[in-house]
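Given the structure of chain A, go ahead and fit chain B onto it with the hints provided.
These protein sequences, in sequence, are chains A and B. Reminder that position 127 of the first sequence reads as 127 in this note's numbering, one-by-one numbering, no gaps. Reminder that position 8 of the second sequence reads as 8 in this note's numbering, one-by-one numbering, no gaps.
No wet-lab data here; the hints were simulated from the structure. The beta carbon of each residue, even a glycine, is placed where N, CA and C say it ideally should be. Each hint can be trusted.
In silico negatives: residues of chain A with every beta carbon more than 10 angstroms from chain B:
hint: 1; residue: Asn-20
hint: 2; residue: Gln-29
hint: 3; residue: Asp-126
hint: 4; residue: Val-137
hint: 5; residue: Asn-138
Below, in silico cross-link-like pairs of lysine-lysine (DSS-like), each with a Cα-Cα straight-line distance of 25 angstroms or less:
hint: 6; chain 1: B; residue 1: Lys-110; chain 2: A; residue 2: Lys-110
hint: 7; chain 1: B; residue 1: Lys-168; chain 2: A; residue 2: Lys-49
hint: 8; chain 1: A; residue 1: Lys-64; chain 2: B; residue 2: Lys-52
hint: 9; chain 1: A; residue 1: Lys-110; chain 2: B; residue 2: Lys-168
hint: 10; chain 1: B; residue 1: Lys-64; chain 2: B; residue 2: Lys-32
hint: 11; chain 1: A; residue 1: Lys-110; chain 2: B; residue 2: Lys-64
There are 2 protein chains.
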Amino acid sequence: MTKNIPWTPNMSHSNPPTSNDPGFKAAYQEAKTGFDEGGVPIGACLVDKDGKILGQGHNMRVQKSSATLHAEISCFENAGRLPASAYRGATMYTTLSPCDMCTGACVMYKVARVVMGENNTFVGGDEYLRQRGIEVVNLKNAECEHLMKEFIKNHPEDWYEDIGEPEKAQQ
Amino acid sequence: MTKNIPWTPNMSHSNPPTSNDPGFKAAYQEAKTGFDEGGVPIGACLVDKDGKILGQGHNMRVQKSSATLHAEISCFENAGRLPASAYRGATMYTTLSPCDMCTGACVMYKVARVVMGENNTFVGGDEYLRQRGIEVVNLKNAECEHLMKEFIKNHPEDWYEDIGEPEKAQQ
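In isolation and in its complexed conformation, chain A is listed as follows (with noise of 0.2 angstroms):
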């Protein structure tokens, strides 16, 4: 089942997306946050169909020993309790192609749109996102991917940990 929410042009953050959106810069902002903070470099940031930042947040699996507070989850949780009606017509900005608990929680809001800034480093859900009727941009961003290429570098056991596959921390 392939079905595509149509892109209105009524929606005020830029169509196509660029890394210049302000939902993109700010979640990228919340990645190096991250990165200084010596934590898994991804960021996010939920934007409704006006344009308005409704949340962002950054993975913090190390700095809390967090299981679940990946980027987008965090950033779902630092926007708070909304009406549904609040995620119709928004985008995730995120960092990194998101992990299949981002993805789902994406899916179970009903965000329109998620925005990534690449997924060379990790594929998560881009596919089943599109699947549920979500549209998927890739935005190609090389500050992403050096972002997690030098955090990755330095704590492989950390990045493998933090997507359920320790086992490639040893190739």
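Chain B only, in chain A's frame:
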């Protein structure tokens, strides 16, 4: 793609699972605690392949104004940051069929089995879990269903907001 992970008899929790499993009892107790707190009465408990409880929790949407602390997410979070190996062969007991987010968390951590109290109230990712190789068991537990019926009767908005379908509260 449907591939089944075989359930091996050397796993010490009961096979087939029942409502008397310690993991299910803990999940149900969590749901009751949530009900008594005025929250969405869904509980979960994660049990490892040797029958040890790794963590448990309940839905905290109402109590903490949380957008992400569904029962299974609370449970994973309360279990803490674990090595990926801890989830191998594990069972996630939950009193209700898991939503897309919680389904994704189970997929991401590669638990072996999801045992749900019921799916009459709500059908979440049952089929997707199976497609991703996770065994799914429905205990068809009347007490779990009763807790949800009572909650939805008194707080329909809280429930349908929790699953991102507010329009159904009006039906």
